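Asker: Top to bottom, those sequences are chains A and B. Taking the working numbering, the leading residue of the first sequence gets 1, the next gets one more, and so forth. Taking the working numbering, the leading residue of the second sequence gets 1001, the next gets one more, and so forth.
In case anyone wonders, no lab produced these hints; they're calculated from the structure. All figures in this text were calculated on a predicted structure; none of them were measured in a lab. Backbone N, C-alpha and C define an ideal beta-carbon position, used for all residues, glycine too. Hints may be right or wrong, so weigh each one.
[Claimed, not checked] Sample of chain A residues at the chain B side, in silico, Cβ under 8 Å:
| id | residue |
| --- | --- |
| 1 | Leu-14 |
| 2 | His-125 |
| 3 | Ala-129 |
| 4 | Phe-155 |
| 5 | Gly-156 |
| 6 | Ala-167 |
| 7 | Ser-172 |
| 8 | Phe-174 |
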Amino acid sequence: MTDLGRVLILAGGLSPEREVSLHSGGKLRDALTRIGVEADLADVDAATLPALAADPPDVVFPVLHGTSGEDGTIREVLDLYDLPYVGALPPACRVAFDKATAKAAVKAAGVATPEAVTLPREAFHDLGAAALIERIVARLGLPVVVKPRAGGSAFGVTRVEEAGGLAEALMSCFGYHDSALIEQAVAGVEIAVGVLDTGEGPVALPAVEIEPRAGVYDYAARYTAGATSFFTPARLSEEILRAAAEAAVTAHRVLGLRDLSRTDLIVDGDGVAQFLEVNVAPGMTDTSTWPMGLHAAGLDFAVVCRDLAAHASGRRGAARG
Amino acid sequence: MIASEVRALFAVASRPEIVSLAGGMPPVDVLPLDAVAATVSELVLSRGAVALQYGSAQGDPGLRARICDVMAMEGITDAHPDNMVVTAGSQQALDLLTRVFIDPGDVVVTEGPTYVTAINTFAAYEARIVHVPMDGDGLSPAALAETLSRLAAEGARVKLLYTVPTFQNPGGITLTPPRRAEVIEVCRRAGVLVVEDNPYGLLSFTGEPVRAMRADAPDDVVYLGSFSKTLAPGLRVGWALAPPAVTARLVLAAESAILSQSMFTQLAVERYLATQPWAEQVKAFREMYRERRDAMLDALDEAMPPGATWTRPDGGFFVWVTLPDGVNTKAMLPRAIAARVAYVPGIGFYADGSGGTSMRLSYCYPSPERIREGVGRLGGVVRDELALRDTFGSRP
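Start from the sequences and build out the full structure, keeping to the hints where you can.
Answerer: Set out below in structure tokens:
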């Protein structure tokens, strides 16, 4: 065992990404255990708080995805228990998890992002859906991608080719969140760029190019082995890869993130890397891109995660989190 | 929404915070576990060498004889152990039957909606599945006759009618006695074998078991039975009762599939039936499920908005709810999960994409209090969905 003490990995929960999160947590636990770190995996539920109080871990590694995992909630709770943890503080999570706010912040820092309209469900109800849809199409053109304003794993995400499909896409989106982000669909190469900071400042990992076999990077394409081809590093020019890395690090910095993040981008026909979203608790499953980036950088997943935990542990008492 | 997305949502539904009206699991914790333990212990001590050995592909003769007594409760008094194959749940019997009868492209006619895993089995053998609608009296014989005529005119090879005629899964509907005779006659004329899947037959809330179709048509019906709902699904003991020629083929198919059934669980069931008051246990199950059915129907009356309709089962596990046109129960599922209640969207019970406005609710597992709570939450979700559909003008 290392002198790191006990690492508690929090996973599962009640978000639709529960299954993915449990896979991520299981992979992380196995990796840490393999290199001699004492690591436990806990499914977050009503027993979590009594367990944290009765037997506090030395450091927490949250890999909860989706609402309450990535919106800052669980980290706010960990702060209440004065437990150090890996990853960003609650205020930064709240901004990063809200795609519309994150896009605005990143855009203000000079990173391109597809034009988008963000509207709550009530707006369509109170003001009239037909007129709004007409204006949205006039403004953004087609195709567009409809996404829940917050959430992950492509739940509730629909690519809309014709105006007639927008209402159904919005209804599907509102199944997951009460506000929708309708974004211009940019044709290009999808990439994911991981960011890592073990104390020396944020560094971008090699970009992972994502090529879903069926053309759409939906839930099945993300988590079914073989459904998507990944190329690491992405098959792009050095110049574009540098710009993408810079965009990911910029997003990490301007959003005030910490330790690790993953930024999803699309490289358009002009070679511009456009910001789509950022994840504060990136997936760590076998088909997740953040570990792929580590591997491509010649880094060992287990060692990096141990270092992240050690770095977080070192913050104990210095500042919250 | 893609299928894997629905599976991800169901992964959340397994959490205790969610009132799951989705699964069809019997609550086995109400079984007298000490009696089960005593039976198993006695079996190992007295007949361990037999229980732990290979058996025959057809199943233990002693258990088959006991099963004949079980089926007699549903009016099947001429069953002979020789015409039976014991299987790993009735699901395996269905799989073997499909393997024996179905070539790619052959047609299986089923009720619409029908048992989701039967659809998967037929699809795995590349059968074409054609649904025939039901009403409150079950499968419509007229619609069945019309469908079979149309299929014959097309030159389709219709091999089987698969039906759950009693307390249907997912519909909760029971085929009336006159219609049973008509359905058998229609199939007999068309040369179509009837597969009567009857896992819920003994779980009648009126006290009287419903007479099985097989009771009056031994040459036309293959009967599938199971102890999964009347004892315990973990034992995986079911059976098929078939005409002799079919039985012989099923035995061969079983032999190639698994060599022999588990002797251990077969003998455990046989001993349990022989030494424990099993019929009383089934009666207790019936009472428990009746109370839960009542809780669900009362809660639906209270919680559902106008325009929603649902079946009122006289037995079994399920209520089939149909919402107003325009609602998509699959798209509504994430909102239901967020509201901490789960159901199964209706589309899964059809092979042709129908059932979008419907859902299956199961009352077998949660307590009456949890059922009331869950249906109350569901009512709110449905109202919200209707409001959303109104917003986007997607309701007729």
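Asker: Are the hints correct? Go through all of them and say.
Answerer: Hints and how they fare:
1. Evaluation of the Leu-14/A hint against chain B yields a held restraint, the C-beta minimum of about 6 Å falling below 8 Å.
2. Annotation: His-125/A was flagged as interfacial toward chain B, and the flag holds, the nearest CB pair being 4 Å apart, inside 8 Å.
3. For Ala-129/A, the shortest C-beta to C-beta distance to chain B is roughly 5 Å, which falls under 8 Å, so the interface hint holds.
4. Interface restraint check for Phe-155/A: the shortest CB-CB distance to chain B comes to about 6 Å, inside 8 Å, so the restraint holds.
5. Satisfaction of the interface hint for Gly-156/A is found here, the shortest Cβ-Cβ separation to chain B being roughly 7 Å, below the 8 Å cut-off.
6. With its C-beta approaching chain B no nearer than about 4 Å, Ala-167/A sits inside the 8 Å limit, and its interface hint holds.
7. Proximity of Ser-172/A to chain B holds as hinted, the smallest CB-CB distance being about 5 Å (cut-off 8 Å).
8. Using the Cβ-Cβ criterion of 8 Å, the hint placing Phe-174/A at the interface with chain B is satisfied: the shortest such distance is roughly 6 Å.
Going through the hint list in order, the structure satisfies each hint without exception.
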